[in-house]
Amino acid sequence: MKYTTLLPFLDREDIADVANKIIKGELKGIKLSALYPFLDDEILNTMIEFLIKEKRYKEIYSAVPFMSAEKINQLYETVENGGLEGFKTSYLIPFMSRKKIKEIFEVLVKRAENDITEDDEDDEDEDEMDLDEALEVHEND
1 MKYTTLLPFL
11 DREDIADVAN
21 KIIKGELKGI
31 KLSALYPFLD
41 DEILNTMIEF
51 LIKEKRYKEI
61 YSAVPFMSAE
71 KINQLYETVE
81 NGGLEGFKTS
91 YLIPFMSRKK
101 IKEIFEVLVK
111 RAENDITEDD
121 EDDEDEDEMD
131 LDEALEVHEN
141 D
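Our numbering numbers the first residue of the sequence shown as 1 and each following residue consecutively.
Source of the hints: derived by calculation from the structure; they are not laboratory data. Only a predicted model underlies this, so the values are computations on that prediction, with no experimental measurement involved. Here a beta-carbon is modelled for each residue, glycine too, at the ideal position from N, C-alpha and C. Take these hints with a grain of salt, some might be off.
Below, computed lysine to aspartate or glutamate pairings styled on DMTMM-like, alpha-carbon distance capped at 20 Å [as the list claims (entries may be wrong)]: (1) 53 / 80; (2) 71 / 103; (3) 88 / 70; (4) 55 / 85; (5) 2 / 17.
Ranges of calculated distance between the beta carbons of each label pair, as one might list FRET restraints [stated by the list, open to error]: (6) 70 / 23: 17 to 25 Å; (7) 12 / 112: 43 to 51 Å; (8) 3 / 103: 35 to 43 Å; (9) 24 / 115: 40 to 48 Å; (10) 7 / 53: 21 to 29 Å; (11) 24 / 99: 32 to 40 Å; (12) 10 / 57: 22 to 30 Å; (13) 17 / 101: 32 to 40 Å.
Could you put together the complete structure from these sequences and hints?
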């Protein structure tokens, strides 16, 4: 029999204890991800905070399907604010609310508009420089 067979029958405290031992490296051969479905939000959130501080991306990715919407939104904000460099926010999207996805979309559209405006301004500067250079060349002829 595998240990995972007994997980649904363990108490909340026992599962939390096992999770803490895995995180601390005291238990080997047991995957932290096997415990996620059996952890309550409070314990899972505490674990996620620890994993974020330790930048243990693989374990965070595997926890996302079991995280609350609020925690997923917090994780997204942490990543966007540079707290988890290299973490792929696109992985979070299937687990976000439609409202949050719409907010993110609106922010990205606004950024794209700003990028286009800045690019257009840069192009105008380049055009002016090219025209000035052309006039200068023409005057020298």
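Subject >> Numbers of the earlier hints that this structure fails to satisfy, in rising order >> reply: Every hint satisfied by this model.
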